[in-house]
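Number of protein chains: 8
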Amino acid sequence: GYAKVDHHREVRQGAPEVIYGASKTKEQMEGIINSLLSHCKENILITRLSTESAAYLSERFDLFYDELSKIGIVNRTEHYSADGTIVVATGGTSDIPVAEEAALTAEVLGNHVIRLYDVGVAGLHRLLSNMELLSKANAIIAVAGMEGALASVIGGLTDCPVIGVPTSVGYGASFGGISALLSMLNSCASGVSVVNIDNGFGAGYLASMINHQ
Amino acid sequence: GYAKVDHHREVRQGAPEVIYGASKTKEQMEGIINSLLSHCKENILITRLSTESAAYLSERFDLFYDELSKIGIVNRTEHYSADGTIVVATGGTSDIPVAEEAALTAEVLGNHVIRLYDVGVAGLHRLLSNMELLSKANAIIAVAGMEGALASVIGGLTDCPVIGVPTSVGYGASFGGISALLSMLNSCASGVSVVNIDNGFGAGYLASMINHQ
Amino acid sequence: GYAKVDHHREVRQGAPEVIYGASKTKEQMEGIINSLLSHCKENILITRLSTESAAYLSERFDLFYDELSKIGIVNRTEHYSADGTIVVATGGTSDIPVAEEAALTAEVLGNHVIRLYDVGVAGLHRLLSNMELLSKANAIIAVAGMEGALASVIGGLTDCPVIGVPTSVGYGASFGGISALLSMLNSCASGVSVVNIDNGFGAGYLASMINHQ
Amino acid sequence: GYAKVDHHREVRQGAPEVIYGASKTKEQMEGIINSLLSHCKENILITRLSTESAAYLSERFDLFYDELSKIGIVNRTEHYSADGTIVVATGGTSDIPVAEEAALTAEVLGNHVIRLYDVGVAGLHRLLSNMELLSKANAIIAVAGMEGALASVIGGLTDCPVIGVPTSVGYGASFGGISALLSMLNSCASGVSVVNIDNGFGAGYLASMINHQ
Amino acid sequence: GYAKVDHHREVRQGAPEVIYGASKTKEQMEGIINSLLSHCKENILITRLSTESAAYLSERFDLFYDELSKIGIVNRTEHYSADGTIVVATGGTSDIPVAEEAALTAEVLGNHVIRLYDVGVAGLHRLLSNMELLSKANAIIAVAGMEGALASVIGGLTDCPVIGVPTSVGYGASFGGISALLSMLNSCASGVSVVNIDNGFGAGYLASMINHQ
Amino acid sequence: GYAKVDHHREVRQGAPEVIYGASKTKEQMEGIINSLLSHCKENILITRLSTESAAYLSERFDLFYDELSKIGIVNRTEHYSADGTIVVATGGTSDIPVAEEAALTAEVLGNHVIRLYDVGVAGLHRLLSNMELLSKANAIIAVAGMEGALASVIGGLTDCPVIGVPTSVGYGASFGGISALLSMLNSCASGVSVVNIDNGFGAGYLASMINHQ
Amino acid sequence: GYAKVDHHREVRQGAPEVIYGASKTKEQMEGIINSLLSHCKENILITRLSTESAAYLSERFDLFYDELSKIGIVNRTEHYSADGTIVVATGGTSDIPVAEEAALTAEVLGNHVIRLYDVGVAGLHRLLSNMELLSKANAIIAVAGMEGALASVIGGLTDCPVIGVPTSVGYGASFGGISALLSMLNSCASGVSVVNIDNGFGAGYLASMINHQ
Amino acid sequence: GYAKVDHHREVRQGAPEVIYGASKTKEQMEGIINSLLSHCKENILITRLSTESAAYLSERFDLFYDELSKIGIVNRTEHYSADGTIVVATGGTSDIPVAEEAALTAEVLGNHVIRLYDVGVAGLHRLLSNMELLSKANAIIAVAGMEGALASVIGGLTDCPVIGVPTSVGYGASFGGISALLSMLNSCASGVSVVNIDNGFGAGYLASMINHQ
Ligand SMILES: Nc1ncnc2c1ncn2[C@@H]1O[C@H](COP(=O)(O)O)[C@@H](O)[C@H]1O
Ligand SMILES: Nc1ncnc2c1ncn2[C@@H]1O[C@H](COP(=O)(O)O)[C@@H](O)[C@H]1O
Ligand SMILES: Nc1ncnc2c1ncn2[C@@H]1O[C@H](COP(=O)(O)O)[C@@H](O)[C@H]1O
Ligand SMILES: Nc1ncnc2c1ncn2[C@@H]1O[C@H](COP(=O)(O)O)[C@@H](O)[C@H]1O
Ligand SMILES: [Mg+2]
Ligand SMILES: [Mg+2]
Ligand SMILES: [Mg+2]
Ligand SMILES: [Mg+2]
Ligand SMILES: [Mg+2]
Ligand SMILES: [Mg+2]
Ligand SMILES: [Mg+2]
Ligand SMILES: [Mg+2]
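Chains as they are written, first to last, in the numbering used here: chain A, 106 to 318; chain B, 106 to 318; chain C, 106 to 318; chain D, 106 to 318; chain E, 106 to 318; chain F, 106 to 318; chain G, 106 to 318; chain H, 106 to 318.
With the rest of the complex left out, here is chain A (with noise of 0.2 angstroms):
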C-alpha cells in the first residue's frame, strides 16, 4: 500500500500512532490499523471517521465511535498517564463537536479531563461561576467560533497555558472561522496558543503534551 505507517513514532514522540481518517478509503483504514495492531495493542485514534467507515470498521475491529466528533478509537482502554487535569470549554453548544474531539483526543493520550460547554463571553456569569474548575486546570482548550473572544477571557482569567481552537461555526463574516482565528490570533491575554480551525485532535494533543510535563 501507499501509506508509509510509521512504526517508530511511538518511541520518537511518546505517543500512540493517530490516523487521520479524512480522505481515507475505509479499506485503507483497515490496512492500516492491522499494521499498527501488530507493534500496538490498545487506543488506536482515529479523526475524522465518516459514520460510512465507522461502520465497517465496528464489524472488524472493538471500535468505539463518537458520532458527534467524528472520533473512532480501536481497543479503547481508560487509563491515566498524568494528574493533572486539562479543561475543554466552548463558547456555544455549536462548538461541541470540535471539543469532543479535543476532549476524547486527550483523555485516550492519558489525561483527567472536565468539559465546560457553552460558556460564551456574551454570559459572562457562566464562565465566572466555574473560576475555581479553571484554576486548577494544568492546560486549557478554548473552543469558540464567531469571534472568538473566549481564548482571551479564559487566558486572562487564569494562569495556565490556553490553546485555543477556533471553530467554522457562525455565518456571514465568520468566514468559516477566520474571524475566530484572527481573534485568538490577536489575544491580548499572555500565554495563549492556537491550532487551525475546527483542529481539536491537535488542541487535545498538545494539552496532553503540556500535561505530562
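Take these hints with a grain of salt, some might be off.
[What the hints assert, rightly or not] Label-pair restraints from in silico Cβ distances:
1) 238/B / 143/F: 25 to 35 angstroms
2) 188/F / 185/A: 19 to 29 angstroms
3) 143/F / 183/B: 34 to 44 angstroms
4) 127/C / 146/G: 52 to 62 angstroms
5) 156/D / 183/B: 36 to 46 angstroms
6) 163/H / 188/F: 45 to 55 angstroms
7) 171/G / 236/F: 50 to 60 angstroms
8) 136/F / 128/H: 55 to 65 angstroms
[Unchecked claim] Facing chain B, from chain A, some residues (calculated, C-beta under 8 angstroms):
9) 251
10) 252
11) 254
12) 257
13) 262
14) 278
15) 284
16) 293
If you're looking for bench data, these hints aren't it; they were derived computationally from the structure. Positions of the beta carbon are idealized from the N, C-alpha and C atoms, including for glycine.
Got chain A; can you put chains B, C, D, E, F, G and H with the ligands on it based on the hints?
Chains B, C, D, E, F, G and H with the ligands only, in chain A's frame:
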C-alpha cells in the same frame, strides 16, 4: 470652491455640519468654516485635523484642538440637549485617540459622556468593577483593536445599544483592524452593531442620535 | 443537557430569550423551549429554524412559522411596548428573507414595523416616493446585497439611526455579502452602523432597543 | 534606450501616444517625448508626472502641468473632435485628483467635459438638482471612494454608459479602494462598467472612445 | 406582490425591462411578466432562468429559452435598431455560457452580434486570424476565466471599447473568477473596462448602449 | 493617568507585569514603571521599546536594552526558577530580532534558553546536526518567515510542545507573515501551536509557562 | 462545433494535444478525439475526465482510465523519448490523486517516472531514506497540501529543478490550497517554482519539457 | 557570528553561494564574503544589496554593482558553462529591475542571456517580431506586473519552459503583484511555472538549472 456646503443638513438631520478634515487643505477648511458660520455660530466640528492645519485655523478662529484625537471645534460651547449618559470604553491605552474622537463628538452634540479606558477583556475585573456605570448608560461605545472582544463582553453585560469601533491598533494578524472588525461583526451578544475601523466620529454621532430619542 | 439556558437574561437584558436554531437538533430545541416556558409564557423566538424542525415543534407547541425567514415563534401574541415605528427596507426582492427575520424579530419584541421592499438605489424614485414614511421612523433597517448602497442613501435622507444588514445575495464579486458589508461600513452618511451579513435578527433586536428608549 | 516607442499606435488606435510617468526617470521621459514629437506635434499626455519631473520637463518643452492630478501635457492645444458631452462626477472633494486625471484626459482627446464634483449619495439633492446635466451626457464618469455608490445611483438615473472609477480615498474598511471597487462591480444599474482603482486616465480614454462613436 | 415593477424604466433608460430570475419563484416571474406585457409586447428578457422555471413559463407564454446561458425571452422578435456590430469573444469553450448571456442580451436589444469563441491567448493565431472581424466592431466583449488576458490582448489590437467579463471558470488559484477579474482591471491596453464576474448580461447591455450612440 | 496598572496580576498569574511599549509615550512608560516598582523590584519587562524611549528611561532607571529585539528590562537580575531548557530556533538571520524577543522574555521569566539560529529547512543538515539539543528541550520556539516550514519539521523531529512564531520577514507572497502563519497553522506535526506574527514575547511567555509545569 | 481544435500545436510545441475535460460534455470530447485521431494516432491525454464520461468514451475508443486522478488516455502506448528520470513525491496519501495526474502526464509524454508517496516533512526520515532516488532525478515534482513544506525541503536537498504543486487537501486555514501555494512561492530553496493548485497536469508537462532538454 | 555559512552547498547543489542582502548589515555581509572567499574565489552573488552597503563593500572587495537591480557580484568573471540561451522578457519598462536581477543571476551562473524588454501584450507586434529569438531559447523568463499576461502569451508561442515572475509594479487592483501572480498561476499555456513576486533571482537560478541539463 468645489465643496458643496450643505446648509440644509441641520434642518434635515438635526445636527450641525461636520468637516472631514483628512484630505482638505487648510485654506479649503477656512472657506468652509466661514461659509458655515453664516448660519451656525457654535460647535463646528472638524475631524482628522492635522496639527499643522489646526495651527493655521487657530489664528483665524476660536478653535479648540485635541492633539490626540485630531478633533477641532470652532466656537466650542458646552450644552446638554439629552439627559442620558453615553459611556465610551476602550480595551487598551492605544485605543484612546479613537475613543476621544467618539467622546468629543458626542459631547459637541449635547451629550453627557463617561470615559472608561483600558478595560480590555484580558483583565475582566477592570470591567466588572464598573458594572454600575455601564448599566446606567443609554448607549455604550466599545473601542478596541486586536481581538476586539470588548464589544461582545459589554453587550452581554448590559441591555442598551453597544456600538463597536474596531481600531487599527495592533500588529501582525490584526491586519490594520480587520481582526477586531470581524470579531465585532460576529458578536454573540444582541444589541451590538459596528462602524468602520477607527471611525470614532461615526460612533459618537450614532450614540448621540440614540441618546436623543 | 449541554446548553446552559439563561433564565436571568430577561431580567438583565429586558428581553425574552431567543434560540439560535442553526445548529441545534429538534430535540435540543424542544428541551430548551420547555425550560424557557417555565418562566416565560409567550413569544419565544427561534431563528434559523429549518422546515423539518418546525414541523416537529409544531406538533408539540403552538408554533408560528415563517418559511421564508425561517423564523419560529412559540405562543406568539401581539403586543406593543413602544409607540414609535421601525421601517425595514430592502434593495431587491431577494433580500426579503433577511428583512423578514428583522421585521418579525422587531414585532415579537413589541414594535410597530413598516416594510418597504424592493426600493434599491438603481431606481431612486421608489425610495424618494416613500420619504414621508422614512422620515417618521425611529429606526430604519436597510437590508441589501450586491453594492449595498441602500444604507448610505437612506442614511443621507433621514436623521434617525440606520442599521445596515448586508445580505449574501448576488454573485461574482459580491463575495457572499462582503461587497455590501464593506459598502455599508464605509457609509458617508452619519448614523449608519452595521451588523453581520444576513443577520436580520441582530438588526431587529437593536432597532427594538433603540425604539424602546 | 529600453522603452520601445510605439509610432504606429496612433494609426492603429486613432489616438495620440500617452506616457505613463509613474516609474520613469525624467531623462527617460525627455527621450520619449523627443521621439514622439518627430511624428506628433501636439497634446502629448503624461500621467502620474511628479512635480519634480514636471519642473525638469518644463525647462525643455512647452508643458502644461496640473499639480492636483499630476497630469502633464506637452504642446497643449484646445480642439474638439466630438460633439457630445462627457460628465465627470465625484462623490467627495478627495476624489477630485482622480477626476481631474479623467477630465483632462478626455479634454486632450477632443471632448467637451462637464465637472460635477462633491455630489455623493449621502446628500442626494446635490445629484438630483443636476439631473438635466446628467441626462444630456454621452458618457458619465463616476469617481468615488468609500462606499462607491455613486456609479449605481447615476446608472439608475440615466441611460448612457457610466464608467465607475473607484478611488483609494478613505480609511479602515475602504481598504485602499477595494470597497468602492466591489460596490461598482456589483452595481444593480445596467450600463455600468469599472476601471482600476484611481485609474482616471483609463476612464477618460474610454469615455472619449464612446463619445467619438 | 412585493416586487415593484418599474413601468417607467423603458422611458427613462430607453430599453425594455429585464427580469433577474436568480432568486425569484416561477410564480413571481409569471406575475412580473404579465405586468410588463401590459405596456411592452415583445422581447422581455429573463436572465438566470432555471430549466424548471423555464418549463413552467413556457406553458404560459411564448418563451424562447437557451439552456446553456439560462436566458429566456418572452415574445422574441428579431429587430435591428443599430447598424454597427458587436463582437463577443471567449478564451475557452467553458466561457461560452456567459458569452451567450451577453450575445443574446445584445441581440434582444437590437444589435448585430458576431461570436468568436475559443480564441484564448495561449494560441494567439486563433485571434490574429480574425483581426479583420475585430477591427470592424463597434464594441467587443471579451469573456475569459483563468488568467483573463483576452481583454488586454484584444484591447491592444483594436481601437473600440472592450468590455471584459471575467468568468468563474477554472480551479485552484482562479478563485472563482478573481484572477481573471484582477487581470482585466489591470489591463495595460486603453479602452478596457470590466463588469462583474459572469455578468454577461451587463456586458451585452453596455455594448448595446455604445453601439446605439 | 489613563493606564490601569494591574497590581494583582503577579498574584493571579504568577509572573511579573510586562509593559507593551509600542504605543506609549516615554513619560507614560516612566509612570507605569514607577508604579510597578512599588510592589515588584526586579525584571520589569518592556517590549517594543523604541531606541529613543530607551535612552530616556536609561537616565531614570537601571535599564538593560537590546537594540535588535527592542526589549528593555528594568533592574535585570539573573534567576532560574525552572530546571528545563527552552530552545529558540530561527529559519534565517532576519528572524533573529523576533527570536531574541522570545529568548529574552523567557530568560527574564527564569528559564534556561538555548539559541539555534539560521537553521531553516532549505539546509536540513543544520537542523539535523542539532538533534541532541532539540531532543532535550521542554519547549521549542520555532521562529520563521517566508514558507514557515521550520515549525513542522521541528515538530516532526521532537516530542515536546513547539510554539510557532511566524515573522513578517520576506517579500512578495510572504504578505507580511501570512504565508508563514498559514504554514504553521496547517502543520502536519502534532504538538505545534501558533502565536501572532512577530509575537516573540507571547511565545517566550508561553514556553516559560510550559517549562514551569 | 465551437472548440477550435489546434492541429498545429504538436508541431509548434512538440507534444501531443491534451484535452481539458472539466467542462466539456462527453459528446464534445468524442468529437475532439475523432478530430485529433486524424493526425495523431496515439496517447491522446484527457484530464479531469469524469467517471461517467469515461464510461461513454470507453465504448467508442481504446481508453485507459485512472479513477483516482481522472486521467484518460486514448490509444495508450508505452514509449520513452528521454533518458532521465522524473520523481513525483507527495506529502500525504491525500495528495496522491494530483500526483498521479502529474505522473501519468509525464509518462504519456515519454518519461521514466518514480513515485515517492507519503513522505511529508512531519516525518523527515521517510524523505531522507530516499536521498539516492532524489539525487538522480532530472526534475522533481513535489505535491503537497496543508503547510506545503515538501517543495522547500526537497529543494534544499537536491540540485535539480523542483516543481511545487500545492493541493487543495486539508481543512480550516489551508483555505483550499492557499496555504500550500504561499509556502511554495516563498520557498527559501533555489530552483523551486510553482504551478496552480491541484495542477498535476501542468507539473507533469513542465517536468517532461525539462527532462527532454 | 550568527549566520551559518554553508560551505558544502556548492558541492551538493553545483552552484556558488548566494547572499540575500535584504536584512543583513554591511558588516555581516563583509564577514560572510570573507568566509566564502576561502573556498570560492569568483562570482559571489549578492542580491538586494543597498547602495549604501555596496559603497562599503566596494572599498573592501572587487565589487560589480548594478544600481537598478541591486545586484552585487564580488570578483565577477565572465564564463559560459552552458551552450543554450536564456531569454528574459518584460511587459513594461518598470519591470526591468526585476528582469535584471534574473539576467545577471543567470549570467553569473554561466549562461548566455538575451534581454527582450517592454514587449507587453497590449502591443503584441513587439513580441511577434521577436519570434525567432524566442523560439531558440532553452528557457524563457517572463517578467510582468499588472495583468501579467506575458507568461501565458509567450508560453503559447514557444515550446520551452517559461518561468513567470510577477512584479509588484502597478497600482490599485494590482495589489502589489497579486494580480500578476494569479494570472501566471492560471496560465492556459503548458510549460509555465511561477516564482515569488519580484523574485528575479529565483527565476534566473532555475533557468540556469534548466539550461545546464
Ligand atoms: N483531525 C486532525 N487534524 C490534523 N491532524 C490530524 C488529525 N488527525 C490526525 N492528524 C495527524 O495526522 C497524522 C496521521 O496522518 P495519516 O498518516 O495521514 O493518517 C497523525 O499523526 C496526526 O499528527
Ligand atoms: N440569527 C441569529 N444571528 C445571530 N445571533 C442570533 C441569531 N438568533 C439568535 N441569536 C443570538 O443567539 C442567542 C441564543 O443562542 P443559543 O443560546 O445558542 O440559542 C440569542 O440570545 C441571540 O443573542
Ligand atoms: N444576470 C444579471 N446580472 C446582473 N444584473 C442583472 C442580471 N439580469 C438582470 N439584471 C438587472 O436586474 C434588473 C432587474 O432586477 P429585478 O427587478 O430584481 O428582476 C434589470 O433591470 C437589470 O438591470
Ligand atoms: N488539468 C489541467 N489543468 C490545466 N490545464 C490543462 C489541464 N488539462 C489540460 N490543460 C490544458 O488545456 C489545453 C486543452 O484545453 P481545451 O482545448 O479546452 O481542451 C491543453 O493543451 C493543456 O494546455
Ligand atoms: Mg493567563
Ligand atoms: Mg446586551
Ligand atoms: Mg442620516
Ligand atoms: Mg442607466
Ligand atoms: Mg484598444
Ligand atoms: Mg513532535
Ligand atoms: Mg535545490
Ligand atoms: Mg509553450
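For the hint on residue 252/A, just tell me whether its beta-carbon gets within less than 8 angstroms of chain B. holds, 4 angstroms
Using the nearest Cβ pair, does residue 257/A come within less than 8 angstroms of chain B? holds, 5 angstroms
Within 19 to 29 angstroms: is that where the Cβ-Cβ distance between residue 188/F and residue 185/A falls? With a Cβ separation near 24 angstroms, residue 188/F and residue 185/A satisfy 19 to 29 angstroms, so the hint holds.
Starting from the hint 50 to 60 angstroms, judge whether the C-beta atoms of residue 171/G and residue 236/F obey it. Taking Cβ atoms as reference, residue 171/G and residue 236/F lie about 40 angstroms apart, which means the hint is violated.
Cβ distance range 52 to 62 angstroms for residue 127/C and residue 146/G, holds or violated: holds, 58 angstroms
Going by Cβ atoms only, is residue 254/A closer than 8 angstroms to chain B? Constraint on residue 254/A satisfied, holds at 3 angstroms.
Residue 293/A as an interface hint toward chain B, with CB separation required under 8 angstroms: holds, 4 angstroms
Quick check on residue 284/A please, does its C-beta sit within 8 angstroms of some C-beta on chain B? holds, 4 angstroms
Can the hint on residue 278/A be confirmed by a CB-to-CB distance to chain B that is less than 8 angstroms? Residue 278/A check passes; min Cβ-Cβ to chain B is 4 angstroms, inside 8 angstroms.
Could one say that the CB atoms of residue 136/F and residue 128/H fall in the range 55 to 65 angstroms? Given range 55 to 65 angstroms: violated, Cβ gap about 35 angstroms.
Hint check: is the beta carbon of residue 251/A less than 8 angstroms from a beta carbon of chain B? holds, 4 angstroms
Quick check on a hinted range of 36 to 46 angstroms for residue 156/D and residue 183/B, using CB atoms only. holds, 45 angstroms
Hints 7, 8, counting from the list given before, are not met by this structure.
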